[in-house]
Amino acid sequence: MNASVPLLEALTALSGLLAVLAIATTACKVQRALRLRRRRRLEATVRPHVLRVLAEDENPGSADQMNDSLGRTFEELLISLLPKLRGADRDALVAALDNRGVLERARRRTSRPGAVGRARAAQLLGDSGDERALPGLARLLEDRDPDVRTVAARALGKLGPAAVEPLLAAIDAPRPVPAGIVTMALVHAGAGGADDLAQGLDSSRSARVRAVAAELLGQLGVLSATGRLAQTLADDPDPATRRAAARSLGRLGLPEGITPLLAALREAEPSALRIDAARALGRIGGASAVASLRELLVAPDIEVARAGAEGLATCGGTGMSALEGAAEDPVSAPPAREALARLALYGSRRPAVAP
Amino acid sequence: MTSLVRQWLVGFDWFVLAYFVVLNSLYLLLVTIAALDVARTLRRLAFAGHDDLFANPFTPGISVLVPAYNEEPVIVESVHALLNLRYPEFEVIVIDDGSTDSTFDRLAAVYDLVETDRVIPPVAPTLGQVLSVHAARNGEPLVVIRKQNAGRRSDPLNVGLNAARHPLVCMVDADSILDHDALLRVVKPFVDDPDRVVATGGVIRAVNGSVVEHGRVIEPRMPSGWLPRIQVLEYLRSFLLGRTGWSRLGGLLIISGAFGLFRRDLVLEIGGLDINCIGEDAELVARLHRHLRDQRRPYRIAFVAEPVSWTEVPPTYSTLARQRRRWSLGLAQVLRKHRTMIANPRYGRIGLFVLPYYLLFELLGPVVELFGVAAVLIGFAFGMLNVHFAILFALFAVGYGVFLSIAAVTVEEFSFHRYHRWEDLGIAVAAAVLENFGYRQLHAVWRIRGLIDSTRRRHVGWGTMTRGGFTTAVASDPVSSR
Amino acid sequence: MPTVLVVDDDPDIRDIATMKLEQAGLEVVTEADGEGGLAAALELVPDALLLDWMMPRLTGIEVCVRLREHPQTARLPIILLTAKAQEADIERGFAAGANDYIVKPFSPRELVARITAALARGAK
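Residue numbers (numbering that gives the first Met the number 0), protein chains in the order written: chain A, 0 to 354; chain B, 0 to 481; chain C, 0 to 123.
Honestly, I wouldn't trust all of these hints.
[Said to hold, decoys possible] To give a feel for the contact side, a few chain A residues facing chain B, derived at Cβ under 10 Å:
hint	residue
1	L17
2	A114
3	G156
4	S202
5	R204
6	E214
7	P329
8	V330
9	R341
Don't read these hints as lab results, they were simulated from the structure.
Every residue gets a Cβ at the ideal spot worked out from N, C-alpha and C, and that includes glycine.
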């Protein structure tokens, strides 16, 4: 049987393939070196113009004349600086880009085929804080490509309070954006979105939306939401939302939060909630929670006990005495001693693990 | 009698041919998938949002677990590098596994360690007793746990798991160097797909010969000995092509113990690491697959191709031989422990494709090779050998091995291009060819010895090798020849 | 003219800070990493130090701690400029001896204001 022939053919094909790979690799390396050198040259030329934009130069006209590769490099350098700056200087960068039509092109790009292009355009629009991009980005929240949806969400979060409602809505959309991504995006939204977020706590919204809204109201420091959050903590049927409300009450730090949080410490409540409530009480501080937190130290769930000790550590002198007392009792000693040790090392800072 | 031998030889030759064709087609498939996936990853890197992850308070916290046994030459630099990783919220937990050298003392001096109280809930089972816990007085998020040695890497890891306070745990080796933003990159799948992703792994690369300063790899370079050079290629094939490919197919079985990120609650749910397994990292992932499929929970285990953990690879034949022998033993143990998953449709593609692949081609591959060589010799002795065909076949086998290595080098050059010097490229090509003349065969022998070890239930201890992790080269294909 | 030492491994930050500070009438010296920054600070003893945190070799925190140990730089106004933005990071920055802490992305105008104020305080 002469199987040698196909084998010979296969061998030839293999050799050809190897040659192709070798050539491709070499070509790639060469091209990269050349491109790098070219890029360095272009950037050196363009850099002073970029700095002039930031120097609020009265006559930036020289920059407008740059075209083709110089112009592109100029724009790319401007874009790369956008995420590094804030305030008037960033506005100057944005204005320079706008003058060159970059933002307009990006806005148009968000509705064209090519997911990578859409995503890059979305990122640029977010970094530039261009509010005109809002409708386009909101549309991208329903994009077929999950990466595009994520980038659009991140970008929208940088455009201010008007982004709150579309982002909340995206959580339950048929092509959803993960709730965590929305939460992370809205961190940048500022307190202006407070009303929309409070609306997100409404019982008509889904559990995921309520949880995100509860989390953000605390993170964004919306003090006026304390009452609403207290109610959510007490009534909401969704455990995750209640936990988020507890954490937020802790972040807001107002004493109005103490009573509902104390109620959440009860034994009947799920452990995860008791833990978040204990930590939140620690953030608010004060002597009123000490007795209830002290009781947690003997809880059978060791994580609940630890959270109780953490809370006590930031409740002033009364909390400290309670801990010291608990450190003598063999049952409550381990978590109490752990909290005391942390206090000795780091002072009364907030607990190790961010609630 | 001759006709019997002839029949046997012909049958076996057909078997080897079929084996060879199946295996190399699979490799080709993996290479193609991997190349496409790496390209896709690269295109999307521009908007991956790592900077946003770094700045965001909701990025999940990571507890980095560093089991350490007699690491005094590297421990301070290693911990220093870890503490300066670019990540918003993390703690570094070093578990001093009963070191007999000055590992602890060095850390204590540099970080002003003070003994402290820390509750370590006994969730995952552990053997060695915890002796003391120490924290850094200067505010660094460093915890050092001293415990009694129990002779295996999984024990300190379980202690670390119990002690960890963040929702994600990253297991690393004490002598490995992570890329500065490795944590940001390896956490991204968890953030993008929080309901499903349960574990991710990154790339391991050989650091030998590279320029390292203050715990950062400033310039990757190919090492100076041929043995480590060949290993560089092995790791490139295994990670850049193998794991990327498998991950894309939803069949990632192995996340290296030197660079894996896991959801802490799930690992504890399944009982932590198996203290009786040498390949405890691979076994953990196998068990995760099993547990989640048993419970019909949708999940994803992903491989992230950009972030690198740089590791010192054995430069001498004896240490390398021991390592590969141990890896083979570990693989055998994992497969034996989870044998009910093999070819079991209940476990989806892991049971139907991945595990059988590891059994037939990775574990038993060297056996086929050995018998293949034997068949050639017997055929030659009996004058039944088609010499012409045998030579062509050998050439093809070698050529295919070279192809896989060059493909890895090509993908690397087009994507991450971590090696800048032209000479490194030349060395890589040379190593790719050289590997097939001696190393491959030796490697097969080492792996067979590991396989034999597993049948004898011989326990190979943790020993002097610092890396107890487990990685498998993709192209451990048979050098069968006719 | 007061001198400000700017230590950051990002050339963009160095360029922008230099330009803005020079516009404000200050003299600026730059260094690209922690080791160079520490050496320059000890030798030059500038009037203010703008210090990045995450740099290869020596981190900003380490530079800050070491500078506080030397008498000539113990009272040097040090402003940290860093992307590390979590509460614990800010705490650690001040604990290491920094006088001010600016989070990236930053406003160059604000930066100039803070440095000018630090210089004024230091001059008294």
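Hints, verified against the model:
no.: 1; hint: L17; verdict: 6 Å, holds
no.: 2; hint: A114; verdict: 9 Å, holds
no.: 3; hint: G156; verdict: 9 Å, holds
no.: 4; hint: S202; verdict: 24 Å, violated
no.: 5; hint: R204; verdict: 19 Å, violated
no.: 6; hint: E214; verdict: 8 Å, holds
no.: 7; hint: P329; verdict: 14 Å, violated
no.: 8; hint: V330; verdict: 13 Å, violated
no.: 9; hint: R341; verdict: 8 Å, holds
In this structure, the hints that do not hold are numbers 4, 5, 7 and 8, in rising order.
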